[in-house]
Amino acid sequence: MEKRVSSAAVKLVVDDVPPETRPDHGEARRIAEALLFASPEPLSANDLRSRLPEGADVEAILDELMADYGPRGVNLVRVSGRYTFRTAGDLAFLLARDVVEQRKLSRAAMETLAIITYHQPVTRAEIEEIRGVATSKGTLDTLLETGWIRLRGRRKVPGRPVTYGTTPDFLNHFGLDLIEDLPGLEELKGAGFIEGRAAAGLSVPVPSDADALREDEDPLDAEDLLALPNLEMDEPTDDSDPAADE
Amino acid sequence: MEKRVSSAAVKLVVDDVPPETRPDHGEARRIAEALLFASPEPLSANDLRSRLPEGADVEAILDELMADYGPRGVNLVRVSGRYTFRTAGDLAFLLARDVVEQRKLSRAAMETLAIITYHQPVTRAEIEEIRGVATSKGTLDTLLETGWIRLRGRRKVPGRPVTYGTTPDFLNHFGLDLIEDLPGLEELKGAGFIEGRAAAGLSVPVPSDADALREDEDPLDAEDLLALPNLEMDEPTDDSDPAADE
Amino acid sequence: MAEPLPFEDVALAERADGEPALLVDVDGFEGPLDLLLELARRQKVDLHKISILALAEQYLTFVEAARRLRLELAADYLVMAAWLAYLKSRLLLPEPPKGEEPSASDLAAALALRLKRLEAIREAAKRLGERAQLGRDVFARGAPEPVQIRREAQYGATLYDLLSAYARQRQKHFNSRVTLHKRQVWSLAEARDALERLVGHLEDWVALDGYLMQYMVEPAMRPTVLASALSATLEMVREGHLSVRQDSPFAPLWVRSGSERPAPAEA
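Chains as they are written, first to last, in the working numbering: chain A, 1 to 246; chain B, 1001 to 1246; chain C, 2001 to 2267.
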């Protein structure tokens, strides 16, 4: 850190020498390793860049670290566009003892989550159409509680129903870098089950967890943000339907 | 884990083959790495042994991991007989971000500083006599923290109380060339700091911050210099005095 | 999904009638679409080759059986049954010439698509659930080392602060001494009150000092009592309430009520 050099000097170095052989490359790598290990949250390449000596080749460092940790018990992985260390997936069965009893999602909740994931942005009515059954408020509340789904906006149709989508936490939890990495997405798309339904007439890719609203989405109303957990309360869905899930 | 072998068989292996070359050694090492990484607490060698494939040479694995991580940004360290990953000592600066906070001295601290300034060298008891209230240890600690006051010596009287005085930093901060440049009684009166009525009964000493000790001062004891911040701890002043300053 | 539980005792009776043993626990299903999907699975064929007609018949059989058992079926199961009955009749009749309405085979295809879509999303849900999950299969660092914010205090104070603190402190001390002094003052008002009480029952000359003794128990009070009493005396003499005389300089003062003006009266 004492080695701050002027930007101009760095430029010179960057142009002339391959990154691995630059004198401070090893040090920058150690710093990146330490930052990634220490951070409770995944870090973006930019997060790292701002903490590394000026001119450090962050991409090269990350590639090296990923390759280096690849065969180890701890891997450097990319989730939600950020980098973090995780125990190797193949060791799950050995580490399972450490699991603090997690609440298991009901089948209905898991299905609803999958529909939101693959069809986002999606409204409650659309979820219900696919499942053929009313979705209880409890199911959506449970999912909101996990932090994996969020209210995105309101669809520009009569009734202005809320649209749901997934969060970066969802990607973190399921170890996905991008929403496009969802398992089986290609098959579903190929079978024509994904695109077109939600955004009829709009040829936009589904799913999308991009922060930017779609053309057919309005921002949430002010009171949506205040009353988040109870938002669904007054939507015109018959929750008393005995066929409702759970 | 599928490779569970009987304890007897392991014995044989242990005796014959160096641990690093045993077929599952690498795997056990990966598991140990993952366990140490995921554990919220440092793990003992025995903790690890109970989680590793039977016959794994835990000591060898730990030695290897420590050596392997030695030059990295993250080290495997032993704390109180247990093992845990920690950011390399020389990178500890990454884990702290300095925030400089502008703070204002409390009224009590300001008054104490003023008295030290004018009456130096001065003992705590003398400060209290002038202020008419007990001076808390915290006030003097705060002032020592500012770097504006210092312990000068010990007064040659029973109890050998510490004498306080100002530092060159004090002069810098307050834009004074010499401590003698501080305004005297007449100037204080002229500037309206002291009312004429009160000035009649007051005498303002001429301060001196000379390094040389006065005739009535002894040098500080050796332990004074070691235990600087807590020096005041055992001085016989009643800090619980309800009249003590805030 | 809960395994479909055959109503065993009933199933025997049903079988006697030669009907398919497809009695299932309605509670295990999440709506008519779910039931249809399960029935389709039982055809043990690819969903693409599913016979919607056969499926419709099985569904209707199920609903019929449930009705016979007086099971209360939710409305949407019955709506689906009515629709399937309609579809079945359309499928069995010769196709009418192309009209406005969708053909029976279109309707059947749409239903098949819905089933396939539900099946697909179920598969997706399953695969999602099987993914390595954080905190269940893979783990983040157990003891992260978050960045500590180290606050360094930088004290600011001006010479003005310093000087005013000093002056404030020293004056406070000085003023407190003055206040103490004040308590030792016998005010003119107090002196006058005392003298008026004295004058009230004074018949003859009285030595003022003697009368004032009671106010001078504390030696410190002596100067102020004497001074105030003299001032008050002179004031009362001027007003004509009191007469005063002194036999010689520094001799005791004598007072008497009334406005008599004798010769010597100065102190």
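FYI, nobody ran anything at the bench for these hints, they're computed from the structure.
Bear in mind that the values here come from a model prediction, so they are computed numbers and not experimental data.
Each residue gets a CB set at the ideal place from its N, CA and C atoms; glycine is no exception.
Hints may contain errors.
Sample of chain A residues facing chain B (criterion: CB under 10 Å; computed from the structure) [as the list claims (entries may be wrong)]:
no. : residue
1   : Leu35
2   : Gly73
3   : Leu91
4   : Lys156
5   : Asp177
Covered stretches of chain C (in silico footprint by chain A; criterion: 3 or more residues with CB under 8 Å from a CB of chain A, positions within the stretch not fixed) [stated by the list, open to error]:
no. : stretch
6   : 2095-2102
7   : 2109-2117
8   : 2129-2139
9   : 2151-2159
Restricting the straight-line Cα-Cα distance to at most 35 Å, the calculated cross-link-like pairs of lysine-lysine (DSBU-like) are [unchecked claim]:
no. : chain 1 : residue 1 : chain 2 : residue 2
10  : A       : Lys104    : C       : Lys2116
11  : A       : Lys189    : C       : Lys2088
12  : B       : Lys1189   : B       : Lys1104
13  : A       : Lys189    : C       : Lys2098
14  : A       : Lys189    : A       : Lys104
15  : C       : Lys2116   : C       : Lys2088
16  : C       : Lys2172   : A       : Lys189
17  : C       : Lys2088   : A       : Lys104
18  : C       : Lys2126   : A       : Lys104
19  : A       : Lys137    : C       : Lys2098
20  : C       : Lys2172   : B       : Lys1137
21  : C       : Lys2116   : A       : Lys156
22  : C       : Lys2172   : B       : Lys1104
23  : C       : Lys2172   : A       : Lys137
24  : C       : Lys2172   : B       : Lys1156
Hints and how they fare:
| no. | hint | in the structure |
| --- | --- | --- |
| 1 | Leu35 | holds, 6 Å |
| 2 | Gly73 | holds, 3 Å |
| 3 | Leu91 | holds, 5 Å |
| 4 | Lys156 | violated, 44 Å |
| 5 | Asp177 | violated, 21 Å |
| 6 | 2095-2102 | violated (count 0) |
| 7 | 2109-2117 | holds (count 3) |
| 8 | 2129-2139 | holds (count 10) |
| 9 | 2151-2159 | violated (count 0) |
| 10 | Lys104/A <-> Lys2116/C | holds, 26 Å |
| 11 | Lys189/A <-> Lys2088/C | holds, 31 Å |
| 12 | Lys1189/B <-> Lys1104/B | holds, 26 Å |
| 13 | Lys189/A <-> Lys2098/C | holds, 31 Å |
| 14 | Lys189/A <-> Lys104/A | holds, 28 Å |
| 15 | Lys2116/C <-> Lys2088/C | holds, 20 Å |
| 16 | Lys2172/C <-> Lys189/A | violated, 84 Å |
| 17 | Lys2088/C <-> Lys104/A | violated, 40 Å |
| 18 | Lys2126/C <-> Lys104/A | holds, 13 Å |
| 19 | Lys137/A <-> Lys2098/C | violated, 43 Å |
| 20 | Lys2172/C <-> Lys1137/B | holds, 22 Å |
| 21 | Lys2116/C <-> Lys156/A | holds, 29 Å |
| 22 | Lys2172/C <-> Lys1104/B | holds, 22 Å |
| 23 | Lys2172/C <-> Lys137/A | violated, 69 Å |
| 24 | Lys2172/C <-> Lys1156/B | holds, 30 Å |
When each numbered hint is compared with the structure, violations occur for hints 4, 5, 6, 9, 16, 17, 19 and 23.
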